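Chemist: Taken in sequence, the protein lines are chains A and B. Under the numbering used here, the first sequence is numbered contiguously, ending at residue 121. Under the numbering used here, the second sequence is numbered contiguously, ending at residue 121.
Because the hints were derived from the structure by calculation, they are not lab data. Just so it is clear, the structure is predicted and the values come from calculations on it, not from any experiment. The reader is advised that the hints may include incorrect statements.
Here are some chain A residues pointing at chain B (derived, C-beta under 10 Å) [unchecked claim]: (1) Ala5; (2) Ala56; (3) Phe57; (4) Arg97; (5) Phe101.
Footprint (simulated), chain A over chain B, 3 or more residues, beta carbon under 8 Å [claimed, not checked]: (6) 39–45; (7) 48–60; (8) 63–70.
The beta carbon of each residue, even a glycine, is placed where N, CA and C say it ideally should be.
Number of protein chains: 2
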Amino acid sequence: MFDPASLKYDANGLIPAIAQDYGSGEVLMMAWMNAEAVARTLESGRVTYWSRSRQAFWIKGESSGHVQRLIELRLDCDRDCLLVLVDQTGPACHTNRRSCFHTAIRDGQEIILTEPQNPSE
Amino acid sequence: MFDPASLKYDANGLIPAIAQDYGSGEVLMMAWMNAEAVARTLESGRVTYWSRSRQAFWIKGESSGHVQRLIELRLDCDRDCLLVLVDQTGPACHTNRRSCFHTAIRDGQEIILTEPQNPSE
């Protein structure tokens, strides 16, 4: 059986988790999990991070409604990074954009790639 | 002009960088950059990480030939994570698999999704 304790966590007990849209392949965000967040994500099917700023579990979308349903959890060869395939409801980013990675560097300038979604979308 | 110093680095001066295949959308690996690695990546077009184990710059593929040509560098809303769209030659993973994320958790078991590529591929 997979044991979340078998992953490699950093000095703060955290592992980076990359959320990717299962359908489109779009990388939506990166956040952090501790072993308990990994376990809760697998058990509940609701992607659950550890909020470093709030020092609390963060069930993605609990307040915003922009939940991430777990499709599949993957780990990398070093067991120190997670890839979380998700079914994302609405925008993943707190700026109301689908992805947090909405800024590109082009010709040395920062270019905004997407505008915030309409709340009704 | 974009200044790599404007990103948010951790206590070790590093920022996580997610490499994604520009064509397929596959997430290939996650590694770390410092400000100088970000600058070198943008200047050279060759994705360059900071190796925490070797404490040295790591021009991806320099020894293996499995280079990553930079297509576009993106940053997230918190400026503390990078998404690097790449043109990946050969496997990205040191196990000779295309992606480092080749293990999935299914029904509580670790499942290997892909086998190592033939060196001639």
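Chemist: Decide, hint by hint, whether the structure agrees.
Modeler: So, going through the hints one by one against the coordinates:
With 10 Å as the threshold, the beta carbon of A/Ala5 stays out of range of chain B, its nearest partner Cβ sitting at about 14 Å, so the hint is violated. Below 10 Å, beta-carbon pairs count as interface contacts, and A/Ala56 has none with chain B, the closest being about 17 Å; its hint is therefore violated. Nearest Cβ of chain B to the Cβ of A/Phe57: about 19 Å, over the 10 Å cut. The hint is violated. Of the supplied interface hints, the one on A/Arg97 holds, with its beta-carbon coming within about 8 Å of a beta-carbon of chain B, less than 10 Å.
Look at A/Phe101: its Cβ gets to within about 4 Å of chain B, closer than 10 Å, so that hint holds up. Under a criterion of three residues with beta carbons nearer than 8 Å to beta carbons of chain A, the stated coverage of the region 39–45 of chain B fails, only 1 such residues being counted. Chain A is given as covering the region 48–60 of chain B, and this is violated because 0 residues of the stretch bring a CB closer than 8 Å to a CB of that chain, at least three being needed. Counting residues of the region 63–70 of chain B whose C-beta sits closer than 8 Å to any C-beta of chain A gives 0, which falls short of three, so the coverage hint is violated.
Figure legend: structure checked against the earlier numbered hints; hints not met, in rising order: 1, 2, 3, 6, 7 and 8.
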